[in-house]
Amino acid sequence: MSIDLSQFHQVFFEESFEGLDIMEQALLGLDPENFESETINTIFRAAHSIKGGSATFKFNQVADFTHVMETLLDEMRNGERPITVTSVDLLLKSVDVLREVLGLLQQKAKVDESVYKAIFDQLNSLIDNEHSVANETATSTEEVTNSENTTATNNSSTHWFIEFKPQPQILRTGNEPIRMFRELESFGELVCVADISNIPTLAVLEEDSCCLSWRLGLVSNVERSAIDEVFEWVADECELEIKQVSKIELEELINGTKLVDAVDVSVEQKESQQTQAIEAANEANEGNQKETSNETNEASGTSIQVRQSTDVKSNEQVATTAVNTGGSSIRVGIDKVDSLINLVGELVITQSMLTQVSDDLTSANIELIREGLAQLQQNTRELQESVMQIRMLPISFVFNRFPRMVRDLSAKLNKKVELIIKGENTELDKTVMEQIGDPLVHLVRNSMDHGIETPEERLSKGKDQTGVVELNAFHQGGSIVIEIIDDGAGINKDKVKGKAIEKGIINTGDELSDEQIFQLIFEPGFSTAAIVSDVSGRGVGMDVVKQNISSLGGTVEVTSKPDKGSVFTIRLPLTLAILDGQLVRVGDQIYIIPLTAVVESLAVNPKDIVSVAGSMEVFKLRNVDVPILRLYETFGIKPENTEFDNTTIVVVEGAGFQMGFMVDELLAQQQVVIKSLESNFVAIEGISGATILGDGRVALILDVSGMQRRSARAKYKKRAKVA
Amino acid sequence: MTKILAVDDSSSMRQMVTFTLKTAGFDVDDAADGQQALDKAKSNQYDVVVSDVNMPVMDGITLVKNLRNLPNYRFTPILMLTTESAGDKKLEGKQAGATGWIVKPFNPDQLVATVKKVIG
Chain A
1 MSIDLSQFHQ VFFEESFEGL DIMEQALLGL DPENFESETI NTIFRAAHSI KGGSATFKFN
61 QVADFTHVME TLLDEMRNGE RPITVTSVDL LLKSVDVLRE VLGLLQQKAK VDESVYKAIF
121 DQLNSLIDNE HSVANETATS TEEVTNSENT TATNNSSTHW FIEFKPQPQI LRTGNEPIRM
181 FRELESFGEL VCVADISNIP TLAVLEEDSC CLSWRLGLVS NVERSAIDEV FEWVADECEL
241 EIKQVSKIEL EELINGTKLV DAVDVSVEQK ESQQTQAIEA ANEANEGNQK ETSNETNEAS
301 GTSIQVRQST DVKSNEQVAT TAVNTGGSSI RVGIDKVDSL INLVGELVIT QSMLTQVSDD
361 LTSANIELIR EGLAQLQQNT RELQESVMQI RMLPISFVFN RFPRMVRDLS AKLNKKVELI
421 IKGENTELDK TVMEQIGDPL VHLVRNSMDH GIETPEERLS KGKDQTGVVE LNAFHQGGSI
481 VIEIIDDGAG INKDKVKGKA IEKGIINTGD ELSDEQIFQL IFEPGFSTAA IVSDVSGRGV
541 GMDVVKQNIS SLGGTVEVTS KPDKGSVFTI RLPLTLAILD GQLVRVGDQI YIIPLTAVVE
601 SLAVNPKDIV SVAGSMEVFK LRNVDVPILR LYETFGIKPE NTEFDNTTIV VVEGAGFQMG
661 FMVDELLAQQ QVVIKSLESN FVAIEGISGA TILGDGRVAL ILDVSGMQRR SARAKYKKRA
721 KVA
Chain B
724 MTKILAVDDS SSMRQMVTFT LKTAGFDVDD AADGQQALDK AKSNQYDVVV SDVNMPVMDG
784 ITLVKNLRNL PNYRFTPILM LTTESAGDKK LEGKQAGATG WIVKPFNPDQ LVATVKKVIG
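From first to last, the protein sequence lines are chains A and B. Each residue of the first sequence is one higher than the one before, starting from 1 at the first, in this note's numbering. Each residue of the second sequence is one higher than the one before, starting from 724 at the first, in this note's numbering.
Short derived list, chain A residues pointing at chain B, Cβ under 8 Å: (1) F8; (2) E15; (3) G53; (4) L171; (5) R172; (6) T173; (7) G174; (8) R179; (9) D208; (10) D236.
These are computed hints drawn from the structure, not numbers from a lab. From the three backbone atoms N, C-alpha and C, an ideal C-beta is built for every residue, glycine too.
Turn these sequences into a full structure, and let the hints guide you.
This is the structure in structure tokens:
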């Protein structure tokens, strides 16, 4: 039988990464002074599973590495080794190394020894130093017994005599002597004599004890080890004698005089009779073993893997960035899948009902059809909700990386920080989750670097020397809200303002509300850190954070109080598959503007329009110049109106500044399902996707910041041409 | 057809064992820990149980003890999947009532051969 083991590799990698996360979590929560044994067990099991899997699937480097980890953990588990901060640190580093190695293997890359050598050596030396080699001894004794077994080898046919006296309880482990004899029989010619002398009277006979013993003669060319292996599982539950004898000796031993009460039979003639006798004896012993019921099996509480075809970014857990091999997958609870199947069932019923009604279309049936359609509508909505549920995962997937990060970072910054995580079970779309990780990391880093003060500074302010960073997630309306709260120094308004003036973001005389000042830190090129540290100043500013969140259709705000701390609030749509849109009409085309980007819609008096730089039209909205984009020009279509008298301006905001879209008419606001333009056609800047409207028409969904970039370039070209 | 229950908390191992045994023509159910396995064993009769030792919720040793207490599983072959380093686990498993063991890592052929050894 040939089975291609590579088909299980993907599952192995996924569960290994999960296992590593579990190990990391448990290790972080491990207090060397005071811990629960279940925590160590959890860590051990994770390492053990990875070891087992990697050995089976022939990832030997991983198997060797995890073997050492397992040894270490096993000793800790059994209390043979103290748990120290050093060993926990080393195990954490090992988790990192494993993650990297597995990441490489997943991409089918070759793993160089240098990747894991240093940590591997440290693990080994930790074990060797303390001379705890329990496992090694176990392995080596096993090898010794094996080599003993193989010494008595013989190639030609040999006569083996086997005396097998099992202990009475042997059947209670499910070991059935007849199976062993059958296996011996497969080696060659087998003769078998049962000794029934020990069978007690029926009154005291216990049905599950074995009162028989056997003398066996085997003529075969098998090695001794093969015979040993047959009895391997019962070696501790029987008296066993195996010896190589001559043909005559064998006959004597089998028919031996020792066996007083046994049926005297000659080897050649009565062989079949004997087998029958054994079978009868065994059947008596088997008792009520064969009582089969064939109830169908209910799989409860297990989870299954659902393949997902949408292309999502490669798993962020894989440290090494590279191509995403194969589709990623989601683990979905079986109850979610069951509810889907249930809904599809109802859909089918409704559909067949409608088909039936449509066979006989009379006015009397109209009511029935209407009912059916209403049913269909409900089914569809429920189905949609259930499908969305499948993509939802608890945000703990993202939050779980923070305890480690905060631990490492507070050591680096010499600050004391406690991390509080709340609402980790809040569910969020998988794609959103994958993309929110980096911005969150940045914000938490920022809070620790700029927000939380040093212990001395905190003490002098009368605060506890340990700062608190809190991550909180919850649902609010159709959005998910993530808060990053710190109790640090807060944002220094004057410093921010000064910096903004210095960078030319605002003018000296500008009057700004507190809110506006705080919002300045998200402006491109803004950084108040005096020294660019490697913690938060990596050349990536808060503007990138804001941009990433905007691209997910979300917003980020900040509030702050001096010496009390800051709160960053991120709002994200629950899913990227559905969008709340404002439908607008230009000529005979309908476009959709994401509602989150719409600031307001208004009619503009032509007198308020000013042309600047010869080609750009702007109007003043509450003292801000808003450039106008004539959508019909961008898309090259024929509009109803080109004058400002009869058109509407939709003011949108993206990437920090506003713009007015000129449209013929505002239509309804509705939820639309986003279809990717990229996968169905090609990616176009300014268009984030398309949708199909109720009447079957296709409408394009505008990407506001993309439109802004597009128009900026168009203006530039235009001007260049004019010049 | 011979019904086998495969128990392992690692889904790759479980899938590998299940797939291998199914390919060999057995009827296979699986469970992710001892408790799940015990529940299944109570509502179905399996001819062979193949179980990992280290599992959350209920480990393999406890599973064996519990199974042996069920009238229908007094004589059912139960095989433990153990690693070579766990020498004492073999003994512990035996004492709990396990029939035998398969040493990890094993290949599909070894698995099928061992299972065939205990059925019939």
